[in-house]
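Protein chains in written order, with the numbering used here: chain V, 27 to 510; chain F, 6 to 462.
Bear in mind the hints are in silico, worked out from the structure with no lab data behind them.
Source: prediction; values computed, not measured.
Yeah, the Cβ is synthetic: ideal placement off N, Cα and C, and Gly gets one too.
Be aware that a few hints might be false.
Said to hold, decoys possible - Calculated lysine to aspartate or glutamate pairs in the DMTMM-like style (CA-CA distance at most 20 Å, straight line):
| id | chain 1 | residue 1 | chain 2 | residue 2 |
| --- | --- | --- | --- | --- |
| 1 | V | 506 | V | 472 |
| 2 | V | 385 | F | 26 |
| 3 | F | 37 | V | 500 |
| 4 | F | 317 | V | 335 |
| 5 | F | 296 | V | 502 |
| 6 | F | 388 | F | 404 |
| 7 | V | 385 | F | 14 |
| 8 | V | 79 | F | 30 |
| 9 | F | 296 | V | 500 |
| 10 | F | 47 | V | 143 |
| 11 | V | 470 | V | 416 |
| 12 | F | 317 | V | 494 |
| 13 | F | 317 | V | 500 |
| 14 | V | 247 | F | 34 |
| 15 | V | 474 | V | 502 |
| 16 | F | 408 | V | 333 |
| 17 | V | 142 | F | 34 |
| 18 | V | 142 | V | 324 |
| 19 | F | 335 | V | 333 |
| 20 | F | 37 | V | 428 |
| 21 | F | 408 | V | 335 |
| 22 | F | 335 | V | 206 |
| 23 | F | 267 | V | 60 |
Unchecked claim - Cβ-Cβ distance ranges computed for the label pairs, FRET-style:
| id | chain 1 | residue 1 | chain 2 | residue 2 | range |
| --- | --- | --- | --- | --- | --- |
| 24 | V | 499 | F | 190 | 31 to 39 Å |
| 25 | F | 266 | V | 179 | 46 to 54 Å |
| 26 | F | 266 | V | 51 | 24 to 32 Å |
| 27 | V | 494 | F | 193 | 38 to 46 Å |
| 28 | V | 322 | F | 408 | 13 to 21 Å |
| 29 | F | 416 | V | 179 | 53 to 61 Å |
| 30 | V | 471 | F | 14 | 26 to 34 Å |
| 31 | F | 62 | V | 461 | 29 to 37 Å |
| 32 | V | 410 | F | 331 | 46 to 54 Å |
| 33 | F | 62 | V | 338 | 22 to 30 Å |
| 34 | V | 37 | F | 379 | 42 to 50 Å |
| 35 | V | 499 | F | 160 | 22 to 30 Å |
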Amino acid sequence: MLIFEQSRTGRRNPVQAPSELADTSAIPSHYMREDAPTFPEASEMQVVRHYTKLSQLNFSIDTQFYPLGSCTMKYNPRACNTLASLPSFLGRHPFAPESHSQGFLACMHDLQEMLKDVTGMKEVSLTPAAGAQGEFAGVAMIRAYHDANNDSGRSEIIVPDAAHGTNPATAVMCGYKVREIPTDVNGDVDLEALKAAVGPQTAGIMLTNPSTLGVFEPEIKTIAGIVHEAGGLLYYDGANLNAILGKVRPGDMGFDVIHMNLHKTFSTPHGGGGPGAGPVGVSERLIPFLPIPMVTKEEDNYRWLTEADCPQSIGRLSGFMGNAGVLMRAYIYARLLGREGMHRVAEFATLNANYMLVKMRDAGFELAYPNRRATHEFIVTLKKEAKELDANAMDFAKRLLDYGYHAPTTYFPLLVPECLLIEPTESETQEELDGFIDAMIAIKKEAKDSIEVVKGAPHNLPVRRLDDVKAARELDLTWKPSAA
Amino acid sequence: MPFVPHTEEDIRVMLEAIGVDSINDLFDEIPKNLRHDLGDEKPLANVPEGLPESDVARLMHKRANTDGAPLCFIGAGAYEHHIPAAVWEITTRGEFYSAYTPYQAEASQGTLQLLYEFQTMMASLTGMDVSNGSLYDGASSLAEAVLMAVRANRKSKSKRILVPRTTHPHYRKTANTIVKNQGITLEELDYDREGGHIDPASLTDEPGDFAALVIPYPNFFGVLEDVDVLTDWAHQHGALVIAVVNPLALGLLKSPGQWGEKGADIVCGEGQPLGVPMASGGPYYGIMCCKQALVRQMPGRIVGRTVDLDGKPGYTLTLQAREQHIRRSKATSNICTNQGLMVTASTIHMALLGAQGLKHAAAQSHANKQTLLEKLSAIDGVKNTFNRPSFHEAVIQVELPTKDVLDALAENNILGGYSLSEDYPELGNALLVCATETKNEADLELYAEELQRILTV
Numbered sequence: 027m028l029i030f031e032q033s034r035t036g037r038r039n040p041v042q043a044p045s046e047l048a049d050t051s052a053i054p055s056h057y058m059r060e061d062a063p064t065f066p067e068a069s070e071m072q073v074v075r076h077y078t079k080l081s082q083l084n085f086s087i088d089t090q091f092y093p094l095g096s097c098t099m100k101y102n103p104r105a106c107n108t109l110a111s112l113p114s115f116l117g118r119h120p121f122a123p124e125s126h127s128q129g130f131l132a133c134m135h136d137l138q139e140m141l142k143d144v145t146g147m148k149e150v151s152l153t154p155a156a157g158a159q160g161e162f163a164g165v166a167m168i169r170a171y172h173d174a175n176n177d178s179g180r181s182e183i184i185v186p187d188a189a190h191g192t193n194p195a196t197a198v199m200c201g202y203k204v205r206e207i208p209t210d211v212n213g214d215v216d217l218e219a220l221k222a223a224v225g226p227q228t229a230g231i232m233l234t235n236p237s238t239l240g241v242f243e244p245e246i247k248t249i250a251g252i253v254h255e256a257g258g259l260l261y262y263d264g265a266n267l268n269a270i271l272g273k274v275r276p277g278d279m280g281f282d283v284i285h286m287n288l289h290k291t292f293s294t295p296h297g298g299g300g301p302g303a304g305p306v307g308v309s310e311r312l313i314p315f316l317p318i319p320m321v322t323k324e325e326d327n328y329r330w331l332t333e334a335d336c337p338q339s340i341g342r343l344s345g346f347m348g349n350a351g352v353l354m355r356a357y358i359y360a361r362l363l364g365r366e367g368m369h370r371v372a373e374f375a376t377l378n379a380n381y382m383l384v385k386m387r388d389a390g391f392e393l394a395y396p397n398r399r400a401t402h403e404f405i406v407t408l409k410k411e412a413k414e415l416d417a418n419a420m421d422f423a424k425r426l427l428d429y430g431y432h433a434p435t436t437y438f439p440l441l442v443p444e445c446l447l448i449e450p451t452e453s454e455t456q457e458e459l460d461g462f463i464d465a466m467i468a469i470k471k472e473a474k475d476s477i478e479v480v481k482g483a484p485h486n487l488p489v490r491r492l493d494d495v496k497a498a499r500e501l502d503l504t505w506k507p508s509a510a
Numbered sequence: 006m007p008f009v010p011h012t013e014e015d016i017r018v019m020l021e022a023i024g025v026d027s028i029n030d031l032f033d034e035i036p037k038n039l040r041h042d043l044g045d046e047k048p049l050a051n052v053p054e055g056l057p058e059s060d061v062a063r064l065m066h067k068r069a070n071t072d073g074a075p076l077c078f079i080g081a082g083a084y085e086h087h088i089p090a091a092v093w094e095i096t097t098r099g100e101f102y103s104a105y106t107p108y109q110a111e112a113s114q115g116t117l118q119l120l121y122e123f124q125t126m127m128a129s130l131t132g133m134d135v136s137n138g139s140l141y142d143g144a145s146s147l148a149e150a151v152l153m154a155v156r157a158n159r160k161s162k163s164k165r166i167l168v169p170r171t172t173h174p175h176y177r178k179t180a181n182t183i184v185k186n187q188g189i190t191l192e193e194l195d196y197d198r199e200g201g202h203i204d205p206a207s208l209t210d211e212p213g214d215f216a217a218l219v220i221p222y223p224n225f226f227g228v229l230e231d232v233d234v235l236t237d238w239a240h241q242h243g244a245l246v247i248a249v250v251n252p253l254a255l256g257l258l259k260s261p262g263q264w265g266e267k268g269a270d271i272v273c274g275e276g277q278p279l280g281v282p283m284a285s286g287g288p289y290y291g292i293m294c295c296k297q298a299l300v301r302q303m304p305g306r307i308v309g310r311t312v313d314l315d316g317k318p319g320y321t322l323t324l325q326a327r328e329q330h331i332r333r334s335k336a337t338s339n340i341c342t343n344q345g346l347m348v349t350a351s352t353i354h355m356a357l358l359g360a361q362g363l364k365h366a367a368a369q370s371h372a373n374k375q376t377l378l379e380k381l382s383a384i385d386g387v388k389n390t391f392n393r394p395s396f397h398e399a400v401i402q403v404e405l406p407t408k409d410v411l412d413a414l415a416e417n418n419i420l421g422g423y424s425l426s427e428d429y430p431e432l433g434n435a436l437l438v439c440a441t442e443t444k445n446e447a448d449l450e451l452y453a454e455e456l457q458r459i460l461t462v
């Protein structure tokens, strides 16, 4: 039932707003609202009960194993939320003067410095609000760099076909044409295709390493050489940073600009789809173009760097400084982890993924790249199950929900048929991984014995499979009182 | 080990199953010369040692205390409002807090239904037909609205957008950062020095051919624009209307859907005043609503109601063919997530306040601003700058440099407003001041007394 359907005219929560209507006579009547918006009229308890019950319809990290590949669904420590929510932090106005901001700015500056070290980049700006905005900032900086060098004829960004969809979408937002290059049989960039693709039109390349195929690109230095030789720059998509934290640094691989997804690697909450935070780090030559604001430390005083300090900056990306509360959570997480803890993130994420890979292979599931190690994630292809048993990746995904596991990422990357991209993260126990593998084995058996159980899944959730076609064709995006 | 559950025995068993001797062996596909942890330098030298939670708590409390809890009269796009305790108690339940984008709809009905309820409330509040599930923040929502208007206005085919200087300066800068690489230009429109609003008379001679006119409401100065006249002018000149709103104000003021003869076409703005703390500027969320005809041009996540195999109602992400994970380089935007958790808070906030609570909070904010403005204007050396009605912010001019005034106020723990000297030098020593329903008579009086004291020294 919707909250609107629980509404009763005249029901109020008088402690939550001024009880009387204040004098508004200074505003001429033609500005005033005459209709009331469609808000519910419900008691505080009704509202609390309704949204508590809604929350219980969700799968989440706090309640389920959530091996969603490429999303790094690891434990979000509660301390990060509690401490980022101290009243002074929540109450701080974004334009508060430096005199009332030194505590907050110190956290931001510390985080900038740590992220520089983690990535091996020369400077970091925290301001992008999410990974996609970090990508935008990265490619916009590449463009600003070429423009500053009077080299604006560069019109193309190279993107491997395995890339996340945001990569080509971002390149277009920055005014570039996208040139896709293929992946070889081992999941690596096809070097011959790359050599053929680069030229005076190349502005740069967007790469993820480990790639979205769950493998580390060993020829990364060669790739960097080819692109730099052609005058292009290298952009690193930090989606998979969890795999290499403390082990390898994008700066050492030859990248010029990277974005990080703090909601992945630094364990800030995914929140049902955001907020994220997508700081960017750059090599020496891109420093002047970083987005503002940034924090600097002068003697013992922290202050913002803005337009006046950074005249070549690509500019602002949001109204204030980005997702400060997310950055605070990432900072607190980093302090809890420390140097040793960060190493262990990559080590145990990789251990868990390789353990699952081996166990699933031994259970008869086909690996997309059987000759490769898993990084923090790996891909199983269910094309055999789809062909022989009529149980495709979607069917397995939906049936896993019945077993109490969130499904891995399905049908991404697009070039592996019937794929499941599985990312267990470092925070899961061996028992949990075994439970998931047992469920996969059980589902395969069900597919042989009684396929309708698998095809009809999920059976135990609040709803069964939903009609997406109807949703798109007969758009119903808002509740209307008349429909009640 | 922090947040890693493995025992020594677990590690031994797992390595044995994999068939390697050590965890390090699992990284053997990475060229050795790239390995940061095998190099000569100490890896992650600038990352401090980890601390127990109690020590991190002590550090964060100390830093929070450094920043204090000043009495805040700054608005300028971020506003202090009462947020019911229940809002964040429920929002931070793990099932909302630690879930992701509802890709598996059957396992995400809570988030999906909540978003559908949000879309309903936000579309109704703005007077539009549809809402998306949110964008990053107010400034970037304007950028997306501009891109959307250029895509949608097939008649004009123009890539020019008319943006008044009464729009938040950071919104204008942000929009420019995001749209400039696609050949879109933002043309400035000056404001009336007496009223602090766009003088509709200044529009008549404008050369035509704009894809859209941006109308901030209330504008950056807090002033109410002539929305009806501006909307009709835009439509007569083949331009779409993009409203940039404070959603709290819409509890009291006419919705953009009602402006002029046909209403605004796209409504964007900052969702923060509806249940999101100021928190240094984010995370907030961007509003994005529009008329039905433009829905396929809208960026971001959209939730639709449908039925399951048994005909039971349920909710799912819809119109995904617009999005980057399907359309890649042809997507409406590169945006991936929305600001799900902020929208969760905002939905609960709106449900708790109801339409009447929202209206009362808006009216009280306005009334407090009126009282503050009267008190401040009565001080020698303070002038109320604009003569037009305003919502919960207003511009005053003082006889000393704004920085000196603000610094002196801050010494007494009063944040006295936002200095306009940099963005609007033509206004002289001008301050944008704000009062919301959170301020009482004593707060307003204290500010007036302190300002008087500073100006009469």
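Each hint tested on the structure:
| no. | hint | result |
| --- | --- | --- |
| 1 | V:506 with V:472 | violated (42 Å) |
| 2 | V:385 with F:26 | holds (17 Å) |
| 3 | F:37 with V:500 | violated (56 Å) |
| 4 | F:317 with V:335 | violated (58 Å) |
| 5 | F:296 with V:502 | holds (14 Å) |
| 6 | F:388 with F:404 | holds (9 Å) |
| 7 | V:385 with F:14 | holds (18 Å) |
| 8 | V:79 with F:30 | violated (46 Å) |
| 9 | F:296 with V:500 | holds (16 Å) |
| 10 | F:47 with V:143 | holds (11 Å) |
| 11 | V:470 with V:416 | holds (11 Å) |
| 12 | F:317 with V:494 | holds (13 Å) |
| 13 | F:317 with V:500 | holds (16 Å) |
| 14 | V:247 with F:34 | holds (14 Å) |
| 15 | V:474 with V:502 | violated (38 Å) |
| 16 | F:408 with V:333 | holds (18 Å) |
| 17 | V:142 with F:34 | violated (25 Å) |
| 18 | V:142 with V:324 | holds (18 Å) |
| 19 | F:335 with V:333 | violated (32 Å) |
| 20 | F:37 with V:428 | violated (44 Å) |
| 21 | F:408 with V:335 | holds (19 Å) |
| 22 | F:335 with V:206 | holds (14 Å) |
| 23 | F:267 with V:60 | holds (17 Å) |
| 24 | V:499 with F:190: 31 to 39 Å | holds (37 Å) |
| 25 | F:266 with V:179: 46 to 54 Å | holds (48 Å) |
| 26 | F:266 with V:51: 24 to 32 Å | holds (27 Å) |
| 27 | V:494 with F:193: 38 to 46 Å | holds (44 Å) |
| 28 | V:322 with F:408: 13 to 21 Å | holds (19 Å) |
| 29 | F:416 with V:179: 53 to 61 Å | holds (55 Å) |
| 30 | V:471 with F:14: 26 to 34 Å | holds (30 Å) |
| 31 | F:62 with V:461: 29 to 37 Å | holds (34 Å) |
| 32 | V:410 with F:331: 46 to 54 Å | violated (26 Å) |
| 33 | F:62 with V:338: 22 to 30 Å | violated (40 Å) |
| 34 | V:37 with F:379: 42 to 50 Å | violated (36 Å) |
| 35 | V:499 with F:160: 22 to 30 Å | holds (27 Å) |
Comparing the model with each numbered hint stated earlier shows that hints 1, 3, 4, 8, 15, 17, 19, 20, 32, 33, 34 do not hold.
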